[in-house]
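Chains as they are written, first to last, in the numbering used here: chain Y, 1 to 196; chain Z, 1001 to 1196.
If you are wondering where the hints come from, they were derived from the structure by calculation, not from laboratory data. We treat Cβ as the ideally placed atom computed from N, Cα and C, and that holds for glycine. Be aware that one or more of the hints could be misleading.
[What the hints assert, rightly or not] SDA-like mimics (lysine to any residue), calculated; alpha carbons at most 25 angstroms apart, straight line:
(1) Y:Lys49 <-> Z:Arg1113
(2) Y:Lys49 <-> Z:Ser1005
(3) Z:Lys1049 <-> Y:Met149
(4) Y:Lys49 <-> Y:Glu139
(5) Z:Lys1049 <-> Y:Glu20
[What the hints assert, rightly or not] One-sided excerpt, in silico: chain Z residues whose CB lies under 8 angstroms from chain Y:
(6) Gly1022
(7) Ser1027
(8) Gly1118
(9) Gln1131
(10) Arg1133
(11) Gln1135
(12) Ala1146
(13) Ala1148
(14) Pro1152
(15) Ile1154
There are 2 protein chains.
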Amino acid sequence: MVEISRRRAIEDVASDLFRERGYAATSIRDIARAMSLQGASLYAHVASKEDVLWAIVDRAAGRFEVAADGAERDAETRRPGDPAEALGALTRAHVDVLTSDVDAAGVFVHEWRSLDPGHRDAILSRRDAYQARFQRRIEDGIAVGAFAMTDPAIATSTLLSAINGIAAWYDPNGRLPANRIADHLVELSLRMVANP
Amino acid sequence: MVEISRRRAIEDVASDLFRERGYAATSIRDIARAMSLQGASLYAHVASKEDVLWAIVDRAAGRFEVAADGAERDAETRRPGDPAEALGALTRAHVDVLTSDVDAAGVFVHEWRSLDPGHRDAILSRRDAYQARFQRRIEDGIAVGAFAMTDPAIATSTLLSAINGIAAWYDPNGRLPANRIADHLVELSLRMVANP
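Only chain Y is shown next, with the shape it has when bound in the complex (with noise of 0.2 angstroms):
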């Protein structure tokens, strides 16, 4: 238990330092001295710097596909078959996740292209399998006419951007709290695909 509460610890500060500096310019040592600990001492909980960061975009990326999991669910349960609702719940899901940690989620988000290969290729799937999420909704809105007709993969890739850039600039203390951004991200996405 002590031993999972400072693994967690260390994952904690090396997404505020991956989030803030990047992974590249962030060495193992700057997350021991952040911790007030020597470089060494921190090789007992981690085998490498890229250990941690595979910890961290393994987790949100489980974040986000659990929390999409039940955005669907609840969405099906309101409104059945209803494309805009499903992708509105989606992408207040997405933003939700985003906004609870934004410093491992924006390590997702920015610093996955970091990993090594094999964890790289692995993400990419998981990746691929979210974003199909969203375009599998997309697509139904388009064919029953709730949606404007347009590219679904271009809609996809701009609707993804559009609540990433989130990462770049939400500050738990700033002007607006996670509920009214998540208000208004549902809405300019929903508005984005809209059928005019």
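Given chain Y, put chain Z in place with the hints provided.
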């Protein structure tokens, strides 16, 4: 003249490497190797790695600014005082700059944070002024009822994040030509702010 083009060649190679691997993970030696030069001989042309980054970012910023000037002028000639015309023109100009040199524009979008403090502050001011052009058009559109009531600052950040997403996936040899991508992005961006 020879010196100017050698310097420019260094920046092009560096843009490519910075976009692919990231600025922090690329060394002057990597840039030299990609040009079949010795690291030391590169220092005849550039003062430091940051000097190269600054040159790339400064030039890209200038291209965005010049394109936006032209876009606003042309929109004003075509449809004076029309916020949708102006915002569409700014969006198209931004996409055009991104796709015409996606390596340099991608470095501008993703790596400006790696600049030294003085350069970073200078670019931040120019980014703010550039972003304000988009926000002004969104505010104008809301004021005249052409755009939906929304938070103009969030709409502006979201719109620019949506467009900048292109830098992550655009491939000059990809499925769609740059001008079709621009058409899609203008359409998605204008719908995002439109008054339904």
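These are the hints, each one checked on the structure:
no.	hint	result
1	Y:Lys49 <-> Z:Arg1113	holds (21 angstroms)
2	Y:Lys49 <-> Z:Ser1005	violated (39 angstroms)
3	Z:Lys1049 <-> Y:Met149	violated (46 angstroms)
4	Y:Lys49 <-> Y:Glu139	violated (40 angstroms)
5	Z:Lys1049 <-> Y:Glu20	holds (20 angstroms)
6	Gly1022	holds (5 angstroms)
7	Ser1027	violated (11 angstroms)
8	Gly1118	violated (18 angstroms)
9	Gln1131	violated (11 angstroms)
10	Arg1133	violated (18 angstroms)
11	Gln1135	violated (14 angstroms)
12	Ala1146	violated (13 angstroms)
13	Ala1148	holds (7 angstroms)
14	Pro1152	violated (11 angstroms)
15	Ile1154	holds (5 angstroms)
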